[in-house]
Amino acid sequence: MTTLSPPFSRALILGGARSGKSARAETLTLAAAAGGTAVYLATSEAGDAEMQTRIAGHRARRGAEWTTREAPLALVEAFATETRPVLVDCLTLWLSNLMAAGRDVAGEGDRLADAVAAHASPLVLVSNEVGMGIVPDNALARAFRDHAGRLHQKIAAVCDRVELVVAGLPLVLKPQGLQ
Amino acid sequence: MTTLSPPFSRALILGGARSGKSARAETLTLAAAAGGTAVYLATSEAGDAEMQTRIAGHRARRGAEWTTREAPLALVEAFATETRPVLVDCLTLWLSNLMAAGRDVAGEGDRLADAVAAHASPLVLVSNEVGMGIVPDNALARAFRDHAGRLHQKIAAVCDRVELVVAGLPLVLKPQGLQ
Amino acid sequence: MTTLSPPFSRALILGGARSGKSARAETLTLAAAAGGTAVYLATSEAGDAEMQTRIAGHRARRGAEWTTREAPLALVEAFATETRPVLVDCLTLWLSNLMAAGRDVAGEGDRLADAVAAHASPLVLVSNEVGMGIVPDNALARAFRDHAGRLHQKIAAVCDRVELVVAGLPLVLKPQGLQ
Numbered sequence: 000m001t002t003l004s005p006p007f008s009r010a011l012i013l014g015g016a017r018s019g020k021s022a023r024a025e026t027l028t029l030a031a032a033a034g035g036t037a038v039y040l041a042t043s044e045a046g047d048a049e050m051q052t053r054i055a056g057h058r059a060r061r062g063a064e065w066t067t068r069e070a071p072l073a074l075v076e077a078f079a080t081e082t083r084p085v086l087v088d089c090l091t092l093w094l095s096n097l098m099a100a101g102r103d104v105a106g107e108g109d110r111l112a113d114a115v116a117a118h119a120s121p122l123v124l125v126s127n128e129v130g131m132g133i134v135p136d137n138a139l140a141r142a143f144r145d146h147a148g149r150l151h152q153k154i155a156a157v158c159d160r161v162e163l164v165v166a167g168l169p170l171v172l173k174p175q176g177l178q
Numbered sequence: 000m001t002t003l004s005p006p007f008s009r010a011l012i013l014g015g016a017r018s019g020k021s022a023r024a025e026t027l028t029l030a031a032a033a034g035g036t037a038v039y040l041a042t043s044e045a046g047d048a049e050m051q052t053r054i055a056g057h058r059a060r061r062g063a064e065w066t067t068r069e070a071p072l073a074l075v076e077a078f079a080t081e082t083r084p085v086l087v088d089c090l091t092l093w094l095s096n097l098m099a100a101g102r103d104v105a106g107e108g109d110r111l112a113d114a115v116a117a118h119a120s121p122l123v124l125v126s127n128e129v130g131m132g133i134v135p136d137n138a139l140a141r142a143f144r145d146h147a148g149r150l151h152q153k154i155a156a157v158c159d160r161v162e163l164v165v166a167g168l169p170l171v172l173k174p175q176g177l178q
Numbered sequence: 000m001t002t003l004s005p006p007f008s009r010a011l012i013l014g015g016a017r018s019g020k021s022a023r024a025e026t027l028t029l030a031a032a033a034g035g036t037a038v039y040l041a042t043s044e045a046g047d048a049e050m051q052t053r054i055a056g057h058r059a060r061r062g063a064e065w066t067t068r069e070a071p072l073a074l075v076e077a078f079a080t081e082t083r084p085v086l087v088d089c090l091t092l093w094l095s096n097l098m099a100a101g102r103d104v105a106g107e108g109d110r111l112a113d114a115v116a117a118h119a120s121p122l123v124l125v126s127n128e129v130g131m132g133i134v135p136d137n138a139l140a141r142a143f144r145d146h147a148g149r150l151h152q153k154i155a156a157v158c159d160r161v162e163l164v165v166a167g168l169p170l171v172l173k174p175q176g177l178q
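First to last, the sequence lines map onto chains B, R and S.
Its first residue numbered 0, the first sequence is counted upward by one per residue in numbering that gives the first Met the number 0.
Its first residue numbered 0, the second sequence is counted upward by one per residue in numbering that gives the first Met the number 0.
Its first residue numbered 0, the third sequence is counted upward by one per residue in numbering that gives the first Met the number 0.
No lab work stands behind these hints: they were computed from the structure.
Chain R side only, calculated, beta carbon under 10 Å to chain B, not exhaustive:
# : residue
1 : A22
2 : G130
3 : F143
All residues carry an ideal CB built from backbone N, CA and C; glycine is no exception.
With these hints in hand, go ahead and build the complete structure from the sequences.
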């Protein structure tokens with residue numbers, strides 16, 4: 000990723016599985032940090048030993064410029080008062096946590112969009128594109144991909160930069176006309 | 000969607016589940032209608048109560064500038080003589096209806112492409128991108144996504160505007176070089 | 000596909016099922032051949048009668064400007080010393096063959112990326128985008144799409160042209176700013 004992106008306030012980085020979306024989001028967040036520290040907001044829970052090992056590995060890989068926090072459900076509360084650049088990884092896992100907890104996902108999505116729109120410091124949100132395959136047999140999977148699609152539209156509408164990452168390379172969706 | 004699109008004659012709007020493709024297509028069709036009425040061609044059938052409720056909801060949401068018609072199978076006949084701008088929503092459901100009815104889907108796709116190419120008034124066709132996931136286990140699902148991919152190529156070839164909508168934002172595939 | 004692409008050395012052409020990626024790759028490879036012959040490297044095996052029939056059909060369709068070879072596993076060896084333009088179709092099938100044979104897919108991917116980077120003649124590699132659907136239930140399918148995503152990133156990094164083909168139309172991912 001040699002292309003330097005223009006300044007942004009709020010960015011949504013979409014991509015398929017292993018598309019390089021998280022690495023792209025880290026690059027954008029660190030560029031916004033400009034040598035200072037950034038906050039990594041993991042929506043996964045360090046509930047079991049396997050996840051703790053994975054999170055420890057992520058911390059080691061990301062290095063000292065990152066402060067890592069977990070926000071499996073209370074995502075808005077976790078970044079609202081933060082003034083350093085924040086990377087949220089990822090919205091699809093957060094959505095999955097909300098559904099498992101029986102929350103009002105549409106309402107939570109609206110609340111997140113409002114908080115993103117109101118946030119004054121650089122914010123980068125990562126999410127998985129999951130809606131371009133065959134309609135799943137499973138009703139829960141269908142509900143999940145519908146919720147994910149609606150959430151992406153809401154968040155994209157309040158971001159000034161939106162990218163779809165494919166094979167490690169960003170396609171710029173917003174602002175239009177830019178690559 | 001603040002970017003105004005250039006004039007077009009025939010547009011294919013692709014997108015994943017809940018990507019905002021229908022809203023984008025409505026915007027383009029109404030822009031072509033320029034204050035007049037437009038025709039909404041639904042490929043779903045109002046066969047059961049649930050679908051009738053959904054279609055009634057769609058009519059209410061779309062408002063008075065739209066005339067709604069159903070064309071689950073006879074799609075070409077439904078728009079061929081229409082002079083007002085037409086929105087077809089959506090081709091994947093039409094394909095599904097053709098397969099369920101045991102029709103020659105390749106032949107019907109060719110006939111649709113010919114009718115689209117020959118159509119003199121603005122025409123916007125919506126379809127789901129379904130081919131970017133893992134190969135489905137189910138043989139019918141594999142056949143469906145192969146048919147959908149071939150149909151999209153045929154229709155894209157006779158349109159002067161083709162977009163892939165992601166998170167409510169259009170990526171312009173045709174004309175190339177435009178965003 | 001009327002737009003002529005600029006010269007390239009190594010191209011990765013991604014796309015969903017029946018997206019037109021192979022036809023696009025054939026066009027690019029023949030343009031690089033400039034009237035001479037090109038090599039078609041099939042990663043499928045002519046193991047059974049059905050596959051032999053399909054390969055015979057492909058040969059007939061592609062015509063006399065192509066020399067067809069099979070490389071289900073030893074892909075690097077098949078193109079390394081070739082000076083004519085080479086089309087590899089496709090990497091996802093090669094990955095599937097590697098997994099079935101119990102090979103070290105990450106190591107083989109690195110070896111392929113090195114060979115692509117070192118190759119002096121035009122090389123076009125086709126692969127399926129498989130990571131934009133719902134997470135598969137099946138563990139093998141999840142492993143496959145993770146491997147495919149990582150492989151695409153590795154190969155894209157050493158290519159000077161990367162495209163995502165949708166409905167027969169190429170979205171240019173690299174070089175950025177070009178369409």
